[in-house]
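Those protein sequence lines, which keep their order, are chains A and B.
If you're matching positions, the first sequence starts at 164 in the numbering used here and goes up one per residue.
If you're matching positions, the second sequence starts at 477 in the numbering used here and goes up one per residue.
Since the hints were made in silico from the structure, they are not lab data.
Mixed in with the good hints there might be a few duds.
Unchecked claim - Below 30 Å or equal to it, Euclidean Cα-Cα: the simulated DSSO-like pairs (lysine-lysine) are:
1. K395(A) / K636(B)
2. K636(B) / K575(B)
3. K650(B) / K575(B)
4. K636(B) / K709(B)
5. K395(A) / K650(B)
6. K223(A) / K731(B)
7. K751(B) / K731(B)
8. K729(B) / K751(B)
9. K237(A) / K731(B)
10. K223(A) / K751(B)
11. K729(B) / K223(A)
12. K731(B) / K395(A)
13. K636(B) / K650(B)
14. K237(A) / K729(B)
15. K751(B) / K395(A)
For reference, the chains in residue letters:
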Amino acid sequence: MTRGVAGVAAILVVVGTGTAFAQQPPVAPSARAQAPVDLTGDWVSVVTEDWRWRMVTPPKGDYASVPLNAEARKVADAWNPTRDAASGEACRAYGAAAIMRLPGRIRIAWEGDAVLRVDTEAGSQTRLFRFGAAAAEASSAPTWQGRSLAQWQPSGGRRGAPPSGGSLRVVTTEMRSGYLRKNGVPYSSSATVTEYYNRANEPNGDSWLVVTTVVEDPRYLTGRFVTSSHFKRLGAGGTWTPTPCETG
Amino acid sequence: MMRRLVTLLFTACMAVSVSAPASAQVDFSGEWGVRMYEDQPERVPGPELGDFLGIPINNAARLRAAAWDASLQTLREWQCRPHSADYIWRGPSPLTISKEVDPVSREIVAFHAEWLRSVDRPVYLDGRPHPSPNAPHTWAGFSTGRWEGDMLTVAVTHLKEGYLRRNGLPRSDKATVREHWIRNGDFLTVMTVVTDPVYLTEPFVRTTDYELTLNQQVPPYPCGVVQEVDRPKDQVPHFLPGDNPYMTEFATKHKLPVEATQGGAETMYPDFRSKVRAR
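Put together the whole structure using the sequences plus the hints.
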């Protein structure tokens, strides 16, 4: 009899506790907790494409492959690296529209639970990818890296199976005008950069970060400028050599 | 009776869930316009001779490339040769991807990729094994795919000898290729990873972009063989080792160190810039 009463009491406690939990507002998991893919770590760009425009500074007027309009070509033809350096504009080629294309290592880490931080060796730049409420913070003056709103794109599940994996979409605006290439190929402060971050693993143990970048610029581009860059994952404790912005 | 019904339902559910190894997550079928905002001069007019920048080749590949004479392509045997499966992504051609659907399960069991100047290239998603290593090698190779989330990862084997770049850089028939097909909205990015024990010291990785283009149709490309150059029947255009006078033209024209233009794994990595600057 005593055991029966105790059992009923236990059930009531459980039910009661459940009711109490149900009354609390649900807490949404953080962007960090929701990450369908781990992008953190050190990565090195592997330059097997556009080598002549990335590993060295191409000569003035060499803007092959970029869908520039006439005004942009005029700007590119007037490129003056000495003037950029003297006027404090040395980081023009290191802005968000071009930074992932520059050779170097990048370091991706969480800054809190709602901001993914990307540091670059090239130009010692920092990008902040803000999720959710963090993205709603007050806007400030345009910067080289602009304002980046991030959103996970979980893979679709199938036949009741939970989603597995996913990617990251980042939209960047509010940038200072800069260069798509180090030789003065311009993008304007009206440009929007949309990026997709995907990760792929190989049987030999290599892990790759693939960044597809779409630059739209109503002022200087005749169409969407699409490139994709790939980075190989590095082990912990490797070389990290940040360099300042350089012109020319 | 009830027990039998439950067992039957359970078995049916299991059959449905287990028999879907190839369940498509993303539809890659459609017309894809190539976006050549990378390496356009190499991909459309064609690469310059002696430009091996950023490719992890070994000395054997350099020797083969130095022996290569562009006139080779006027030979009757070469005129209608299609690009191989690994190279064609990087070509200047629009792409059509169609899907093959099982009429009963309605699962996608294969994608077919076709470009201008290509052969049909099926990517099987039905779990079939790759054939024996002794099976014939073809321009398209043999491809199977599996889903990794929304990304389709493709394994390619059985390729005939091809090229890494259209300036004589060879890729052997022992090479294998892995591809990752990634769809981001209306953009398709394909990562190709070429592993070649004969001519590469590291995997050769590239990513190439396409954009969904609804008004596109890849036209047919009938190819006829003609006599382009009068030459003796047994003559094959080539350069003997050390005789190719064009191998440093590219370096001179673009003011680059010859060492860099000769390629090699080191040239792919950012730290190589210090060597370029030191010259």
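Taking the hints in turn, this is what the structure says about them:
Between K395(A) and K636(B) the alpha-carbon distance is near 28 Å, which keeps this suggested pair within the 30 Å criterion. Note on K636(B) and K575(B): the hinted pairing holds, with a Cα-Cα distance of about 25 Å set against a maximum of 30 Å. As the CA atoms of K650(B) and K575(B) are separated by approximately 29 Å, the hinted pair is consistent with the 30 Å bound. Pair hint K636(B) plus K709(B) holds up; C-alpha atoms about 24 Å apart against a cutoff of 30 Å.
This hinted pair checks out: K395(A) and K650(B) have alpha carbons roughly 24 Å apart, not beyond 30 Å. For the hint pairing K223(A) with K731(B), the CA-to-CA distance comes to about 14 Å; that is within 30 Å, so the pair holds. As the CA atoms of K751(B) and K731(B) are separated by approximately 14 Å, the hinted pair is consistent with the 30 Å bound. The straight-line distance between the Cα atoms of K729(B) and K751(B) is roughly 19 Å, inside the 30 Å bound, and the hint therefore holds.
Taking the CA atoms of K237(A) and K731(B), the gap is about 24 Å. The hint holds against a cut of 30 Å. Restraint check: the Cα-Cα separation between K223(A) and K751(B) comes to about 22 Å, which is no more than 30 Å; the hinted pair holds. For the suggested pair K729(B) and K223(A), the alpha carbons sit about 15 Å apart, so the restraint of at most 30 Å is met. Restraint check for K731(B) and K395(A): the C-alpha separation of about 29 Å stays at or below 30 Å, so the hint holds.
Between K636(B) and K650(B), the direct Cα distance comes to roughly 8 Å. Compliance with the 30 Å bound is thereby established for this hinted pair. This hinted pair checks out: K237(A) and K729(B) have alpha carbons roughly 24 Å apart, not beyond 30 Å. For a cut-off of 30 Å, the pair hint linking K751(B) to K395(A) stands: about 21 Å separates their Cα positions.
In summary, the structure agrees with every hint in the numbered list given earlier.
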